[in-house]
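K.L.:
Using the sequences plus the hints, can you model the full thing?
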Amino acid sequence: MKKVVVVGGGVAGMQTALSLKERGVEPVIVERTGALGGKLRNFHLLFPSMTPAAEVLKSFTDQVASSGIEVRLNEEFSDFSTDAPIVIASGFNVFDARLKEEYGYGIYDNVYTTVDVERMFNEGKVGLKDGSVPRRIAFVHCVGSRDEKVDQRHCSKVCCITGVKQAMELASLWPDAEIFNFYMDIRMFGPGYEELYQQAQQEAGINFIRGRVSEASPTIDGRIQIKAEDTLIGRPMKMTVDMLVLIVGMRGTDGGKFYRPRDLFGGSVLSDRPNVFYAGAATAPKTVGESIAEGVMAAEKVVQYLNDGN
Amino acid sequence: MAIDFGYSVSQPRAVDLDRNDLSLAREIVREMPEFSACIACGGCTATCTAGNLTSFNFRLVQTLVRRGEYAGAYAEMNKCMLCGKCRLVCPRGINTRGVVRLIKRKLGDY
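Same order as they appear, the protein sequences are chains X and R. Here the first sequence is numbered in the working numbering, starting from 1 and rising by one per residue. Here the second sequence is numbered in the working numbering, starting from 1001 and rising by one per residue.
The hints are simulated quantities; they were obtained by calculation from the structure and are not laboratory data. Treat the hints with caution; some may be incorrect.
What the hints assert, rightly or not - Which stretches of chain X does chain R cover? Using the computed rule of at least three CB atoms under 8 Å from a CB of chain R, they are:
no.	region
1	122-135
2	234-246
Said to hold, decoys possible - Think about it this way: if two alpha-carbon atoms lie no more than 25 Å apart in a straight line, the pair counts; the simulated SDA-like pairs of lysine to any residue are:
no.	chain 1	residue 1	chain 2	residue 2
3	R	1085	X	198
4	X	157	R	1041
5	X	238	R	1014
6	X	238	R	1020
7	R	1104	R	1010
8	X	227	R	1075
9	X	157	R	1040
Glycine included, each C-beta is placed from N, C-alpha and C at the ideal position.
P.N.:
This is the structure:
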C-alpha cells in the first residue's frame, strides 16, 4: 500500500502522521525546510498559558522520532496527481510587513513584527537597535489583516491574543515602559484569552486605544511618530514611541490564499478531491491547539477513506 | 483700531500623548486599578440618568481622563447624580460611581 503523504512538518502535519501511525497506516512527512516544527520553532511562549513553545515542539518531534515515521526534509511536494492519500498541512505564511510601507518596517530602526519579538525573546536579546531600553512602545494590531489594500480581507484571529501576550511580556521585562496597543476590535475567542486581556489592562497597565494607526514617521531624534484616531474619543491622536511592534497576520499557502475545505461542518479537513485532505492552518488561521486537533481529525478521515476500499 | 477680517487660527485637535501629562491619570488608575479594565461597551452611558437628560457621557469623559485630557472633566462629572445605575450594568464590574468621585477628587483644579 502506498504511504499517506503528509505535506508539512509543523504541529498539524506531525499530529496527522502520529495519529495515522497509531491507526496502523504508514505516513511520510514531506517538509520543505530542514527541520520539523514549522512556525513553532520560532515561537517563545504560547498564549494564554505561557507554555514554552520548545517544550510543546520537543514532545512532538520526540514522538515522531520514536514512532519511526519516515520524514523527508528539504523536499518540496508537488506531485498532486498521485492517487495516494495526501494531507495538506502546509500551514501559513507570515504576512510580509514591508507591504504596509506606511509603518516603515525595514525602513526605520526599531520597527519590529511580532515574529521578530518572538525571535528576540528566544535569542535573549530584546531591545532597541542601540541596546537601550525603550520608554514607550506601541503595538499595531491587524497588520495584514482585515485590509483589502494588501489583499488580506480576513481576520487572522490569533494576532489579538499574541499582541496582548507580547505587550505583557514586554511590560514585565521593562516595568517602567509605557505600552500602547492600537486595535480596531479586540477578539478574545479562546479559553483564558479574555482573562489575559483584562490582566493586561488592569495588572500590566497596558493602554488599549481603539483606532487603526494610519502611518509611522521618523522624528529628528530617531524615534517614531505614529498617528491614529482615538475612535472612542472621536479625535485624531499622535504620539512618539521608541519601539513599534507590528502584529502581523497570516497569509494562505495556496497562492496567497487559504485552501478551501469542502464545508465547515464535519468536512473541514476534506477537499473536493476524495484523496486530498487538510489539517491545520492550511485552510484558515488557527491556533496551535486547533491545528493539533485537526491533525487527529484528518487522520481519522484518511483511515475512513482507506477502509472504504480505496 | 484692528480690523476683524473674520479669520482665525485653528488649534490642533489631536490628542497629543507627547504633550499630555499622564501622571494624574496614572495616579487615578493606581488608586482604582479596575478603572483601566474598561472595554468601552457604553453600558454606563446607555443607562445613565444624567446622560439621558444632558450631554453627560461617562464613557467618553473617563476615556479622556485616561488619555490625559483633563480639561472640563471635573465640570462634566458634576453632572453625575451618583445614582449608581452604571455600576449595576458594568460587565467588567468597575465601581463606576467610585470612579466619578475619584476623578472629582483628583481633578478639581481642571
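K.L.:
Please go over all the hints and tell whether each is borne out by the structure.
P.N.:
Status of the hints after comparison with the structure:
| no. | hint | in the structure |
| --- | --- | --- |
| 1 | 122-135 | violated (count 0) |
| 2 | 234-246 | holds (count 6) |
| 3 | 1085/R - 198/X | 23 Å, holds |
| 4 | 157/X - 1041/R | 21 Å, holds |
| 5 | 238/X - 1014/R | 7 Å, holds |
| 6 | 238/X - 1020/R | 11 Å, holds |
| 7 | 1104/R - 1010/R | 30 Å, violated |
| 8 | 227/X - 1075/R | 29 Å, violated |
| 9 | 157/X - 1040/R | 21 Å, holds |
The structure fails to meet hints 1, 7, 8 from the earlier list, while all remaining hints are met.
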